[in-house]
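Two chains, two frames, a set of hints: combine them into the complex.
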Amino acid sequence: MNVGQHNGGLSGLVSRFGRPGARPENGNGPVVVEPRPAAAVAVEPVHSSKTLAQFLSLVFARPKAELVDLGPVIGSNIAFLGERIGCKIHVEDLYEDLDRHAQKGTLDQFGEFLRDRLVLRDSSVDAVLCWDMFDYLAPPAASVLATKVKRMLRPHGLMLAFFGARASDDTRYTKYLIEDETHLRYRYYPSACTRRWVLQNRDINHLFAGLEIFETVLLKSGVREILFRKPI
Amino acid sequence: MHEELASIGKSIIINGELSGSEDLTIEGRVDGKIELRDHVLTVGPNGRIKAQVSAKAVVVLGHVTGNLTATEKVDIKENGSVEGDIIAPRVAIADGSHFRGSIDMQKKDQPVSVGHALGTYKSEKSEKSDKSEKSDKSDKSSVPAATSVTNDYARV
Chain X
41 MNVGQHNGGL
51 SGLVSRFGRP
61 GARPENGNGP
71 VVVEPRPAAA
81 VAVEPVHSSK
91 TLAQFLSLVF
101 ARPKAELVDL
111 GPVIGSNIAF
121 LGERIGCKIH
131 VEDLYEDLDR
141 HAQKGTLDQF
151 GEFLRDRLVL
161 RDSSVDAVLC
171 WDMFDYLAPP
181 AASVLATKVK
191 RMLRPHGLML
201 AFFGARASDD
211 TRYTKYLIED
221 ETHLRYRYYP
231 SACTRRWVLQ
241 NRDINHLFAG
251 LEIFETVLLK
261 SGVREILFRK
271 PI
Chain H
124 MHEELASIGK
134 SIIINGELSG
144 SEDLTIEGRV
154 DGKIELRDHV
164 LTVGPNGRIK
174 AQVSAKAVVV
184 LGHVTGNLTA
194 TEKVDIKENG
204 SVEGDIIAPR
214 VAIADGSHFR
224 GSIDMQKKDQ
234 PVSVGHALGT
244 YKSEKSEKSD
254 KSEKSDKSDK
264 SSVPAATSVT
274 NDYARV
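Protein sequences, first through last, are from chains X and H. Read left to right, the first sequence gives residues 41 to 272 (the working numbering). Read left to right, the second sequence gives residues 124 to 279 (the working numbering).
Just so you know, the hints here were simulated from the structure itself, not pulled from any lab data. Check before you lean on any hint, since a few could be wrong.
[Unchecked claim] Ranges between beta-carbon positions, derived for each pair:
| no. | chain 1 | residue 1 | chain 2 | residue 2 | range |
| --- | --- | --- | --- | --- | --- |
| 1 | H | E140 | X | L258 | 55 to 61 Å |
| 2 | X | S163 | H | N138 | 50 to 56 Å |
| 3 | X | G262 | H | K133 | 49 to 55 Å |
| 4 | H | E201 | X | Q149 | 30 to 36 Å |
| 5 | X | S163 | H | S144 | 56 to 62 Å |
| 6 | X | D210 | H | L128 | 43 to 49 Å |
| 7 | H | E158 | X | R191 | 33 to 39 Å |
| 8 | X | R206 | H | K179 | 30 to 36 Å |
| 9 | X | R236 | H | E206 | 46 to 52 Å |
| 10 | X | R155 | H | K173 | 47 to 53 Å |
The structure presented is a predicted model; accordingly, all values stated were derived computationally and were not measured. Where is the CB? At the ideal position from N, CA and C, for every residue including glycine.
Looking at chain H on its own, in the form it has when it is part of the complex (with noise of 0.2 Å):
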């Protein structure tokens, strides 16, 4: 049986709080604060947000202002636009698009280092060589030697 989706026509204003627990596409003007927790929030290619957007996964074809928290993936596909701040594990930026503002990939209860980058290429490194990983290990965040000249380009 087909579900029917939610949606908020081009010609709805809404001013306040939004919330669900059903996937959303917006078309008209939300104007305030929209929590979808566990499902997916659309803005169409009509829609205008200026709001302070939670959901599980924020995709965008119109015009977003506010901060946007996502617990999988903000998506701004071609022509969509967004200014201000994302926070989410994955964030697809489309050619064409538009964005202002700051992305945040970090996962809050995981945060990345230089360690914890280390030990995942440390299991990646583990099919290479002993020789190249030993080297590794033993200057894990100092400068890297530079290739002082090549046929490309040379130090000055």
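One chain only, chain X, in its complex shape (with noise of 0.2 Å):
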């Protein structure tokens, strides 16, 4: 791969599609905006995502795919996948379950609770968003959670993981909302659990044993973002 060289096929692929929540030329199409007070939109930060343009250019290729979002719901980012991407979304929220867990101090319970939790079948899943979860997962939750994640993906279905270089006292979670294929903003809003784990590579080959990586991004900030996928 050239260096500085356009993903012209990606970006011929899914920018067709827009930004969420955009009307299309001939009006007529259905308009789904989440709202966004003005004072938030000014701390939001927006970064551009490499991983996520593949993530959804693949995800696109295979027609009727179910994904998987473990984060809070958000209704752009639903509008932009749903409707543009095509596919069917699962939502399931593991930053309110962790949280529920961190408020009655039982997140040494975390990992037991995931066995029960994700009950969608094994190999039924064509993608799953994991954005930062595995940042705030003490290892055996985090094993817990791989594991299932490796066993609901079909054969070439895909995950997406955000990795952080640095543990932080941020008492904040991230919403990451879809702007456009190439680009997430960034929104934070409380929690009641710490970034409190850096995994190494090491970790991860480890954790996600079974899956190729099939690519990864160094951001500078530090952050990782890997995407995997299944092997047939």
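This is the structure:
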């Protein structure tokens, strides 16, 4: 791959989806706009994401794809994924579950909780959006979730996950709003948990043994965006 | 002349099947099944529904547990809560709402596929250059090329 090469095929494939919530030119299409207070927008950084673009492109290539989103429900993401990518979306907000356990002081039981939490059948899902969930999971819980994800993915199924570079005392989760096929808007909201766990590459390789690393991108912030694919 | 809207008040509890041919607002509690094929069901802020719902459109400001099927739209407003599966061509979910379940926006009689979407794409793209269209056609579903290094990030 040449340095600086533009991903023409990709932008051609997905850029027509446009921004979520946009009305088609004929004016007859659906409009789904999540309220966005002007004050909040100013503190919501937008980051480019190369792996998101690949993820969306590959999901789009799978007719009637089923996708699991482990983050909180976001109206504009649902519109983007449902209307433009054309997939069925399962919303399984594990951040909410994690928060509930943190508030009850039962984080040590979160791994056990996860065993019964995701009930989708084995090999029934085309893609999983994990976002940065693994930064918040202790090793036992991370292991349970990774095993669950690996099981539920179909052959050639995809998993997108972000891994932070450092632990933090910041009591905020991040909502990742899909701005377009290559950009994510970060919206922060209060959390009871902090980003405690930093996974090294060897940890990630071990955790997701059995999945191929399809693409890895290291952001300037140190965050690693990794796109995994389940082999046939 | 002002037409009075049908509503189920806060203190009303219904167990069983509910069907009708007019728009309905529920502020009370309904357990069972609700069918308003060509009309709008609004679950008010005080409404508590534990039912399978089928309607033209469903607006949720209260709490719903059960599957929602709408021929036009499901709209979950701020503070609205849905736990169940949604099938509708359009779904709007406001910030501050709660949802757990699945969302299927694919039309049953017109499944979304790569081919179908690309068909739409061609018409949209027709205004653009032939050159870019040609390259898109030649590689519809293959893995697109990715930039190796940019100012923002690097492949590792």
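Checklist entry - Given a hinted range of 56 to 62 Å, is it respected by the beta-carbon distance of S163 of chain X and S144 of chain H? => result Check failed, 44 Å falls outside 56 to 62 Å.
Item to check | Cβ separation of E140 of chain H and L258 of chain X, checked against the hinted range 55 to 61 Å | outcome: 57 Å, holds
Item to check | Verdict for E158 of chain H, R191 of chain X (Cβ pair) under range 33 to 39 Å | outcome: Between E158 of chain H and R191 of chain X, where Cβ atoms are some 37 Å apart, the hint holds.
Next on the checklist: Quick check: does the Cβ-Cβ distance between G262 of chain X and K133 of chain H fall within 49 to 55 Å?
Outcome noted: 53 Å, holds
Checklist entry - Is it true that the C-beta distance of D210 of chain X to L128 of chain H lies inside 43 to 49 Å, as the hint says? => result 47 Å, holds
Next on the checklist: I want to verify a distance hint. Is the separation of the beta carbons of R155 of chain X and K173 of chain H within 47 to 53 Å?
Outcome noted: Hint violated: Cβ distance 27 Å, outside 47 to 53 Å.
Next on the checklist: Holds or violated: the 50 to 56 Å window for the beta-carbon distance between S163 of chain X and N138 of chain H?
Outcome noted: 39 Å, violated
Checklist entry - Is the distance from the Cβ of R206 of chain X to the Cβ of K179 of chain H consistent with 30 to 36 Å? => result 51 Å, violated
Checklist entry - Does the Cβ pair R236 of chain X, E206 of chain H satisfy 46 to 52 Å? => result 29 Å, violated
Item to check | Range agreement (Cβ of Q149 of chain X with Cβ of E201 of chain H, hint 30 to 36 Å) | outcome: 32 Å, holds
Checked against the numbered hints listed earlier, the structure breaks hints 2, 5, 8, 9, 10; every other hint is satisfied.
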